[in-house]
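Mapping of the sequence shown onto UniProt numbering: position 269 corresponds to residue 269, and the numbering continues sequentially without gaps.
Computed cross-link-like contacts, PhoX-like style, restricted to lysine-lysine with a CA-CA straight-line distance of at most 20 Å: (1) 41 to 97; (2) 214 to 266; (3) 288 to 266.
Restraint ranges, calculated between C-beta atoms of paired labels, are given here: (4) 163 to 300: 34 to 44 Å; (5) 200 to 72: 14 to 24 Å; (6) 124 to 200: 19 to 29 Å; (7) 166 to 278: 43 to 53 Å; (8) 42 to 270: 24 to 34 Å; (9) 180 to 77: 15 to 25 Å.
Keep in mind the hints are simulated off the structure, nothing from the lab. We put the beta carbon where it would ideally sit given N, CA and C, even for glycine.
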Amino acid sequence: MWYSVLTQKAAISFHLLEGSRLKLSTNVDVRKEPFHLNHYKISRKPTWEIYHAHPCMEFLYVYEGHGHVEVNKQVFPVEPGTLLVFQPFQLHRLQIKGPFVRSILMFDPYKLDAALLAFSGIRQWFNILWKQPLQCQAIGEQQHVAALFERLHEKLARTLLHKQEEEFVLSLLAILQGIEPVRKKLYSGLEDKLRPRYSHTAIQMIEWIELHYKEKFDLNRMSEDLHLSTYYLSHTFRQSTGSSITEFIVARRLKEACLLLETTNKTAGFIAQEVGFLNGSYFCRVFKTVLGITPKTYRLQL
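Kindly produce the complete structure, drawing on both the sequences and the hints.
Pasting the structure below:
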């Protein structure tokens, strides 16, 4: 079924599986932690869903679970052995039935790009995955990635913190080499005419939202700050991300609210004000409409 959240200026819609709740995970701060592995994460709920975006790049490997992922208005099947590739700031919705077991590797693409300077061929391939419009972002039958994640997990456990970055880079290099044989499935563009996936304007807008999403949104203020018309901003953002500006802001506020519910004892009313909602009652209505439960129930289920 479709649930809609009415905001002051527009509506945001999330597609929820029967009996599921929208789980908005926290971001990895790539400025402080350029590489992050969440190994063999298990969710045992009968249905599982997430809808979010993040500034880092993500490789997600599926051990158990069947479903689909929606990204850039395309839908791809997900099953055991699937490797998902998500680019920075790319909104994606993942819906899974049954126990969901996966490993997630998030990283700063700029950091990896610098580490690949000595590997021109692989670096060019990585830049395609990072910056170009991909025609497929769910790669099946990638069981070899499971062994790479397991090896990385074991090495990190016995490697000093300041030396772990090298292990991450070596593992990512192996993953990139491993999926290069399916290059044509993922990207069919001309490599001598590479163009950015997002316009410079869209990236500026996302960065502006990250700085101001906790404040009352004012499109005119964004227009003044970025020196562009309101129409151009709205049109460019939807064209680049497939989402309206308001949808993106509401999703970002809810993600931050979930983080605060998970990690603090702050009241729903306090959290509402902190993340940018008008008041506590409005926040609770939006939260329940989108996630299917109240903030209080969400906290109790942790």
